Amino acid sequence: MAGGVLDMGTYAANLSGVFRGRQGISPVYADAGRFFQATYLTAKMGELLTDVMDVLAGGTGSHVLQLRTPFGGGKTHSLVALLHLVRNRAAAVAACPELKDIADPGDVRVAVLSGEELDALTPATATGIETHTLWGELAAQLGRYELVEQHDLSGAAPGGEVLRQVIGDSPTLILLDEVLIYVEKAMVVARGESNAGRQAMLFLQALTEVVSAEPNAAMVYSLQASVGEAAGAEGLLSDLDKLVARVDSKREPVAGDEVLRVVQRRLFAELGETSVHESVARAYSDLLRKQLLAAAETGDARREAEAAADSLEDRILAAYPFHPELLDLMYHRWGSLVSYQRTRGALQFLAAVVHALWKSGAKSPLIGPGDVDFTDEAARGAFFSQVGERERYASVLSSDVTSDGAGCATVDRTLGADSPAIAQLRVGTRVASAIMLYSFGAREGEDRGVLETDLVRSLLVPGLTRNIVVSALHDLREEELYLHYTGRRYRFEPTPNLTKLVRDEATKLSSKEVLTEVRGELENQLRGNKGVSLWPEAPSGIADERPVFTVAYLHPDWSDDRDPQTKFIEQAGSGSPRRYRNGLALVLPDKGQFDLARHAIRLRLAADSLLSKARQYNFSTEQIEELRDKASNARRDGSAAIGAAYSTVAIPTRSRAGDAPYVLEPSDLRTMLAAGRALHERVVEALSQRVFSSITPAKLVALAGLGPDRKAVTCADLVDWFYSYYDFTKLWDKNAVASAIAKAVSESELGYVVGIVREGESFVPRDARQIRFGERLTADEVDLSDDAAILWHDYALEFLQTPIEPATEEPEPGTEPRPKPQLTPPAQPTTSQGGKPGAGVGGSAGGAPSDVVRVANVKAVVERSGLFNLGRSLSWLRGEQGSVRIEINIHAEGEFDRGDFLNGFLEPIEEAAEDLDISTQ
Numbered sequence: 001m002a003g004g005v006l007d008m009g010t011y012a013a014n015l016s017g018v019f020r021g022r023q024g025i026s027p028v029y030a031d032a033g034r035f036f037q038a039t040y041l042t043a044k045m046g047e048l049l050t051d052v053m054d055v056l057a058g059g060t061g062s063h064v065l066q067l068r069t070p071f072g073g074g075k076t077h078s079l080v081a082l083l084h085l086v087r088n089r090a091a092a093v094a095a096c097p098e099l100k101d102i103a104d105p106g107d108v109r110v111a112v113l114s115g116e117e118l119d120a121l122t123p124a125t126a127t128g129i130e131t132h133t134l135w136g137e138l139a140a141q142l143g144r145y146e147l148v149e150q151h152d153l154s155g156a157a158p159g160g161e162v163l164r165q166v167i168g169d170s171p172t173l174i175l176l177d178e179v180l181i182y183v184e185k186a187m188v189v190a191r192g193e194s195n196a197g198r199q200a201m202l203f204l205q206a207l208t209e210v211v212s213a214e215p216n217a218a219m220v221y222s223l224q225a226s227v228g229e230a231a232g233a234e235g236l237l238s239d240l241d242k243l244v245a246r247v248d249s250k251r252e253p254v255a256g257d258e259v260l261r262v263v264q265r266r267l268f269a270e271l272g273e274t275s276v277h278e279s280v281a282r283a284y285s286d287l288l289r290k291q292l293l294a295a296a297e298t299g300d301a302r303r304e305a306e307a308a309a310d311s312l313e314d315r316i317l318a319a320y321p322f323h324p325e326l327l328d329l330m331y332h333r334w335g336s337l338v339s340y341q342r343t344r345g346a347l348q349f350l351a352a353v354v355h356a357l358w359k360s361g362a363k364s365p366l367i368g369p370g371d372v373d374f375t376d377e378a379a380r381g382a383f384f385s386q387v388g389e390r391e392r393y394a395s396v397l398s399s400d401v402t403s404d405g406a407g408c409a410t411v412d413r414t415l416g417a418d419s420p421a422i423a424q425l426r427v428g429t430r431v432a433s434a435i436m437l438y439s440f441g442a443r444e445g446e447d448r449g450v451l452e453t454d455l456v457r458s459l460l461v462p463g464l465t466r467n468i469v470v471s472a473l474h475d476l477r478e479e480e481l482y483l484h485y486t487g488r489r490y491r492f493e494p495t496p497n498l499t500k501l502v503r504d505e506a507t508k509l510s511s512k513e514v515l516t517e518v519r520g521e522l523e524n525q526l527r528g529n530k531g532v533s534l535w536p537e538a539p540s541g542i543a544d545e546r547p548v549f550t551v552a553y554l555h556p557d558w559s560d561d562r563d564p565q566t567k568f569i570e571q572a573g574s575g576s577p578r579r580y581r582n583g584l585a586l587v588l589p590d591k592g593q594f595d596l597a598r599h600a601i602r603l604r605l606a607a608d609s610l611l612s613k614a615r616q617y618n619f620s621t622e623q624i625e626e627l628r629d630k631a632s633n634a635r636r637d638g639s640a641a642i643g644a645a646y647s648t649v650a651i652p653t654r655s656r657a658g659d660a661p662y663v664l665e666p667s668d669l670r671t672m673l674a675a676g677r678a679l680h681e682r683v684v685e686a687l688s689q690r691v692f693s694s695i696t697p698a699k700l701v702a703l704a705g706l707g708p709d710r711k712a713v714t715c716a717d718l719v720d721w722f723y724s725y726y727d728f729t730k731l732w733d734k735n736a737v738a739s740a741i742a743k744a745v746s747e748s749e750l751g752y753v754v755g756i757v758r759e760g761e762s763f764v765p766r767d768a769r770q771i772r773f774g775e776r777l778t779a780d781e782v783d784l785s786d787d788a789a790i791l792w793h794d795y796a797l798e799f800l801q802t803p804i805e806p807a808t809e810e811p812e813p814g815t816e817p818r819p820k821p822q823l824t825p826p827a828q829p830t831t832s833q834g835g836k837p838g839a840g841v842g843g844s845a846g847g848a849p850s851d852v853v854r855v856a857n858v859k860a861v862v863e864r865s866g867l868f869n870l871g872r873s874l875s876w877l878r879g880e881q882g883s884v885r886i887e888i889n890i891h892a893e894g895e896f897d898r899g900d901f902l903n904g905f906l907e908p909i910e911e912a913a914e915d916l917d918i919s920t921q
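Residue numbers for the sequence shown follow the working numbering, beginning at 1 and rising by one.
Hint data in this document are derived by calculation from the structure and do not stem from the laboratory. These numbers were taken from a predicted model, which means no experiment stands behind them. We treat Cβ as the ideally placed atom computed from N, Cα and C, and that holds for glycine. Hints should not be assumed to be uniformly reliable.
What the hints assert, rightly or not - If you anchor each label on the Cβ, the simulated ranges turn out as follows:
# : residue 1 : residue 2 : range
1 : G707      : W876      : 24 to 30 Å
2 : R144      : E270      : 43 to 49 Å
3 : F901      : Y726      : 26 to 32 Å
4 : G58       : E446      : 47 to 53 Å
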C-alpha cells in the first residue's frame with residue numbers, strides 16, 4: 001500500500017493459483033504463514049474451519065457447505081484458508097494461534113475446481129493429464145482419472161458409485177469456487193441431446209450426495225449472494241443453492257462490524273500504540289457527545305446522546321485508523337450495488353485512499369468520509385470501480401469536487417478566510433467529498449443520499465463543529481452545480497442542480513432590472529391608497545398644497561446623511577419652502593429587508609427566465625415543476641420581504657421646547673403585528689394617534705379662531721391651516737373639515753356661506769340668503785374653496801336677523817361696477833311651504849309667481865384666465881335646489897409634474913365623475 005501497488009489482484013485471492021503454486025501470486029496469499037498473519041479470523045470463518053476439520057477427522061457435522069456472499073465478501077479467501085490449513089497446518093497455527101484447538105485430520109487429499117478458470121471447451125492440463133470436464137479434473141487431481149476417463153471424453157456425468165471410488169476412504173477436501181460461472185458457460189456447449197451445463201449440474205448433484213455419505217470427506221463451494229450478481233442466471237443460482245438443504249450448511253464468512261477488523265489486519269502490519277487509539281476515540285466521542293447534548297431537550301435525548309457517544313468510542317477502537325462511518329457506508333450502502341465487491345472492493349478502495357494520504361503527508365487522527373482525496377487518480381479510479389457509473393459521474397466529480405473552480409473550493413476559501421485552522425481543514429471539500437461517497441447505494445428501505453445528521457456525525461473532527469459543517473452545507477447548495485437536496489437528503493446527481501442554475505441566471509440581471517420589479521411589487525401593495533408618494537428622489541417628488549395627508553415611502557437606498565428627513569419636511573423643490581408640512585409623514589426603509597426582497601425577486605426573475613428556456617435546457621417534468629415551485633416561493637418571499645421593508649414612520653409634531661418649530665416623532669413598525677396585514681395598514685395604524693379621519697365641531701371652531709376679531713374664515717384658508725400648521729390637528733383628508741363644518745352648522749356652532757366678497761380684512765357674504773345656520777347640512781354640500789366661508793355664529797345671526805344689501809365685488813380696472821341686487825327683508829320667520837326665511841318656494845315674499853329659470857343648457861369655452869369665474873358659477877349652482885348634470889371636455893397643455901397632475905387635478909375629478917375618459921401624453 002505504501003508503495004502504491006493498488007491493483008485488484010493484490011486484494012483478490014486466486015484459489016487455483018494458490019493451489020498450483022503459480023508464479024506471480026502474491027506472497028500474502030501463496031504463503032500460509034503470511035496469509036494467516038494478514039487474515040482477521042472472523043467468527044464465521046473460525047466456525048467454517050472448525051466444522052470442516054471436524055468432518056475430515058471423522059467427526060459429525062455437515063459434509064457439504066455453501067459460502068454465499070456478494071462479490072468480495074470473503075468466499076475465496078475462506079477457501080484459501082481451508083487449503084492452507086490442511087496443507088501447512090504448522091505455519092498456519094504459528095501465524096494464527098487461534099487455530100491450534102481445531103481438529104487435525106492428518107494428511108488430506110485436496111481437489112480445487114475453479115469455475116473462473118475451467119470451461120467446457122478448453123481442456124485443462126495442469127495435472128499433466130488433459131481433462132475436459134469438472135469430474136475429469138477432480139479425478140485427475142485425486143490421482144484416479146482412469147475411473148472417469150470415458151465419462152470425461154464423452155462429456156457424460158458419472159454416477160454416484162464411480163464418484164465414490166474416485167473419493168475413496170481417506171480424508172478428502174473438495175473446494176469449488178464460483179461454480180455458477182462454469183455451469184452458465186457450459187450451458188451453450190452441446191453434449192448429444194444434452195449440454196455440458198446440464199451434465200455439470202448432474203455431476204454436482206451426484207457429488208454432493210456421495211460426499212454427504214462419506215465419513216471423512218467434505219465439500220465447500222461458493223455462490224454469489226444475489227440474482228443481480230448472478231448475471232441473470234436466476235434458475236441456475238436457485239438449483240445450485242438447493243444442493244444443500246440445511247440452513248446451517250450455508251455460511252457467510254464476514255458479518256457486521258467484522259469487516260472493520262478484516263480491513264485493519266489486511267492493510268496494516270501494525271496499528272501503533274493502543275493509548276493513541278484510546279485518546280483519538282475519546283476525543284471523537286467527547287466531540288459527538290457535546291454536539292448531541294447541546295441539542296438534547298429531554299432526559300431521554302440526553303441518555304441517547306451519551307449512548308451514541310460511548311458507542312462511537314467503542315467502534316473507533318475497533319475500526320482504527322478508519323472512521324467507522326466510512327466503513328459503514330461502504331458495507332451497508334455500497335453493498336446494495338451490483339458493482340461493489342464487498343471486502344475485496346473495500347480493501348482496494350481503502351488502500352488507494354490510504355496511499356494518497358500517505359503520499360500527501362496527511363495528519364488526520366482518523367480516515368473518514370471527508371478525508372478521501374478525489375484528486376488522486378488511483379483513489380478516484382478505485383472509487384468508480386466499486387460504485388460504477390464512471391461515465392455519468394466523472395464530470396460531476398470534476399466540476400463540483402476536484403477542479404480549481406469547484407464550488408467546494410469557493411466554500412473552503414469563504415469559511416477559512418478568518419481562521420487558519422478552518423482553512424487547513426478545507427471544510428467545503430471535506431463535506432462535498434463525503435456527500436459524493438454517500439451518493440451511491442442506500443440502506444434497505446431508504447433513498448439514496450445522506451441526512452444532515454448522519455453527514456455531520458461522519459465529518460466531526462477536533463476543531464470542526466456542527467455549526468461550521470451546517471454552514472458549509474448551506475453554502476455548497478448555493479455553489480455546487482450537481483448537488484441536490486431532495487427528501488431532506490443530500491446527494492450528487494448527473495443532472496444540473498436547479499438552485500445553482502437559478503443563481504447563475506440571477507447574476508445576469510442588472511440591479512436596475514431587479515429594483516424596477518421591487519418597485520412594481522411595492523406599487524401593487526400600495527395600490528388603492530390615497531396620499532401615497534413612492535420613492536421621491538427629492539423633496540419636489542412629494543406634492544405640496546394638496547389637501548390630503550401624504551405618506552412618502554422613501555427609496556430603498558435613501559440615506560439620512562445624504563438626504564436628511566428635515567429636507568423633505570421643509571422643502572417643496574427648487575428651494576421653495578413646503579406649505580403643507582402638517583400633512584406629511586416619512587416612511588423609512590429597512591435596508592436589510594430590501595436586500596432580502598431584491599434577492600428573492602432576482603431569484604424569481606431567474607426562475608421565470610429558465611422556465612422560458614425549458615426546451616433549450618431539456619428540463620424534465622420534475623425539474624420544470626421544481627422551477628415553478630422556486631418561482632412561487634421566491635415570489636412569496638419577495639412579497640413578504642417588501643411587506644416588511646419599512647421599519648419606521650416619522651411624523652413632524654409641534655416642538656414643546658426649544659426654538660425648533662417641530663420635532664420628528666418616530667414610530668417603529670417592526671413592533672406591530674404584521675400577520676395578515678398590508679404594509680400601509682400598519683403605517684396607518686402607527687399614525688392613528690397623530691392623524692385623524694374626523695374632528696369635532698368644537699375643535700374646528702376653536703382652531704379657526706372665530707369671534708369678534710375674526711368673524712369669517714374662507715374654507716380654503718381653513719383647509720390650508722390644517723395642513724400647514726403643527727398646532728392644527730393632522731387630518732387624513734379635507735373631507736374631515738367638510739364633515740366638521742356640516743355638523744357645526746347643524747348644531748348652530750357657526751354659519752356657512754358660498755359666495756363671499758372681501759372688504760378690507762374681512763369677508764362679507766355676497767348674498768345673505770345663501771347663509772346656512774342651524775339647519776341640516778351634509779358634508780357633500782360643503783364647498784371648501786376660497787369662495788366659501790365659515791362664519792362666527794353671532795356674525796351669521798346678524799345677517800339672518802337684519803335686512804341688508806348684499807356686498808359687491810370691487811370692479812376690475814376699466815370695467816363698470818355691477819349693480820347691487822336688492823334683498824327683500826323677511827316678512828315672517830318661515831313661509832307656509834317651510835322654506836328659508838325671506839322667500840317662498842319659487843316665489844317672492846308675497847307668494848306671487850316670480851320670474852324663474854326652469855331649464856338651463858350652457859355651452860362655453862373657458863380659457864385659463866376664466867377658471868376662477870367658472871369656479872364661482874359652479875359654486876352658486878351647487879348651493880341651489882334642482883338637478884344638475886355637467887359634461888366637460890378639458891384640453892390642457894403644459895409641462896405638468898405627473899404626481900401633481902394625478903393628485904391635484906385627476907383625483908378630484910375621479911371622485912366626482914361617474915363616467916371618466918382620460919388620455920395623456
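Against the structure, the hints come out as follows:
1. G707 with W876: 24 to 30 Å: At roughly 29 Å between Cβ atoms, W876 and G707 fall inside 24 to 30 Å, so the hint holds.
2. R144 with E270: 43 to 49 Å: Hint holds: Cβ distance 47 Å, inside 43 to 49 Å.
3. F901 with Y726: 26 to 32 Å: holds, 29 Å
4. G58 with E446: 47 to 53 Å: Holds, at about 49 Å.
Going down the numbered hints, you'll see the structure goes against none, and every one checks out.
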